[in-house]
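There are 2 protein chains.
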Amino acid sequence: MEYYSTHIGKLIEELGRLPGIGPKSAQRLAFHIISMPADQVKQLADTITAAKTNVQYCRICGTLTDAEVCPICANPARDHRQIMVVENSRDLAAYEKTQKYEGVYHVLQGAISPMLGIGPDDIRLKELMQRLQGDVDEVIIATNSSLEGETTAMYISKLIKPTGIRVTRIASGVPVGGDLEYIDEVTLLRALQGRTEL
Amino acid sequence: MEYYSTHIGKLIEELGRLPGIGPKSAQRLAFHIISMPADQVKQLADTITAAKTNVQYCRICGTLTDAEVCPICANPARDHRQIMVVENSRDLAAYEKTQKYEGVYHVLQGAISPMLGIGPDDIRLKELMQRLQGDVDEVIIATNSSLEGETTAMYISKLIKPTGIRVTRIASGVPVGGDLEYIDEVTLLRALQGRTEL
Numbered sequence: 190m191e192y193y194s195t196h197i198g199k200l201i202e203e204l205g206r207l208p209g210i211g212p213k214s215a216q217r218l219a220f221h222i223i224s225m226p227a228d229q230v231k232q233l234a235d236t237i238t239a240a241k242t243n244v245q246y247c248r249i250c251g252t253l254t255d256a257e258v259c260p261i262c263a264n265p266a267r268d269h270r271q272i273m274v275v276e277n278s279r280d281l282a283a284y285e286k287t288q289k290y291e292g293v294y295h296v297l298q299g300a301i302s303p304m305l306g307i308g309p310d311d312i313r314l315k316e317l318m319q320r321l322q323g324d325v326d327e328v329i330i331a332t333n334s335s336l337e338g339e340t341t342a343m344y345i346s347k348l349i350k351p352t353g354i355r356v357t358r359i360a361s362g363v364p365v366g367g368d369l370e371y372i373d374e375v376t377l378l379r380a381l382q383g384r385t386e387l
Numbered sequence: 190m191e192y193y194s195t196h197i198g199k200l201i202e203e204l205g206r207l208p209g210i211g212p213k214s215a216q217r218l219a220f221h222i223i224s225m226p227a228d229q230v231k232q233l234a235d236t237i238t239a240a241k242t243n244v245q246y247c248r249i250c251g252t253l254t255d256a257e258v259c260p261i262c263a264n265p266a267r268d269h270r271q272i273m274v275v276e277n278s279r280d281l282a283a284y285e286k287t288q289k290y291e292g293v294y295h296v297l298q299g300a301i302s303p304m305l306g307i308g309p310d311d312i313r314l315k316e317l318m319q320r321l322q323g324d325v326d327e328v329i330i331a332t333n334s335s336l337e338g339e340t341t342a343m344y345i346s347k348l349i350k351p352t353g354i355r356v357t358r359i360a361s362g363v364p365v366g367g368d369l370e371y372i373d374e375v376t377l378l379r380a381l382q383g384r385t386e387l
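Top to bottom, those sequences are chains V and E. When the letters of the first sequence are read in order and numbered with the numbering used here, they come out as residues 190 to 387. When the letters of the second sequence are read in order and numbered with the numbering used here, they come out as residues 190 to 387.
No lab work stands behind these hints, which were simulated from the structure alone. If you're wondering where the values come from, they're calculated on a predicted model, not measured in any experiment. Backbone N, C-alpha and C fix where the C-beta goes; we use that ideal spot for every residue, glycine too. Mixed in with the good hints, there may be bad ones.
To be verified - EDC-like cross-link-like pairs, simulated, lysine to aspartate or glutamate; straight-line CA separation at most 20 angstroms:
no., chain 1, residue 1, chain 2, residue 2
1, V, K199, E, D373
2, V, K213, E, D228
3, V, K231, E, D255
What the hints assert, rightly or not - Among the chain V residues that face chain E by a calculated CB cut under 8 angstroms, a handful are:
no., residue
4, H196
5, G205
6, G211
7, A240
8, R248
9, I249
10, S278
11, P309
12, R313
13, M318
14, N333
15, S334
Said to hold, decoys possible - Counterexamples of contact, computed for chain V against chain E with all Cβ distances above 10 angstroms:
no., residue
16, I237
17, D268
18, Q319
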């Protein structure tokens, strides 16, 4: 590409590899980065390197964290007898934002997907079963409401049931603010099946 | 944010400052970067730093380039008597992609915008006038077809006219593949005014 400097071309290429960044966005981002003050650019580059270098998986729940044990697992004020099983750290963050969940988490780092060749041994199920040998009252399965998430939920519940620990699944239904008109039939049916007394 | 590691939080914040990257995209990008192999992350960070450090403005045309003079200005095969005036390096790149323009460029690094307080002295007009003291046949004004671009085009043409150098403006009209039904009235009118003999 004669019209770009080699360095800009490389930067556009690198940025274009990130998910959701097309060639046009990559170009815009690259030119923006070039126009940023040098110290801000340095900070961006350093933050990227630092995040990759310092972030690790929590020894207990498996979420991404700075220390050996994440702040949630290390917090004695949380209810360690209630474990919510999520697919990834982003789902954990989503529930943490509600600020209403007092228990701890278990991050599977994936979901069972026969299509993608991901089996029960490829996600952190063994680690979950090990945790259940401790003092646990309830396992709340909060995997996504997708085919993979449902399969994983089903598998986990069958695995845990024999231990006698209570296994629950988060409710499926119409999202708050959702317009019935635009919601798919399966969700509507789930909402009906899961109706509660008023 | 207890639910994120400090490093991920910082990375999300840094990425969220880039244009067109909202909080959700920043989060997705951050988690993607964490999951990338360490050498790829290093490469991304290094490319960002290298681009900022090594890219400079071409001494002649003002585009972003690796050397003191950009490959286009340094190319003796190009017609240096024909100068296309563009607002920024991205616009230059857009015309270069056509692979049909044989002349050179002049990058204004902006456009006159009274609203944003950008006057004629804030863009590279002085540099353009200096170049015109050399051997120049034609100045093609290819600023955007926006209010600012048109204002700038008008200003430049008035500035150059007295020198006797030919000043032209790229055509405005219906984009190729465009459907008349969805094109605004001003563009339709411009297309009519600029009609050519068949």
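Checklist entry - Okay, which hints does this one fail, numbers in order? => result When the structure is compared with the hints, numbers 1, 2, 5, 6, 8, 9, 11, 12, 13, 14, 15, 16 turn out to be violated.
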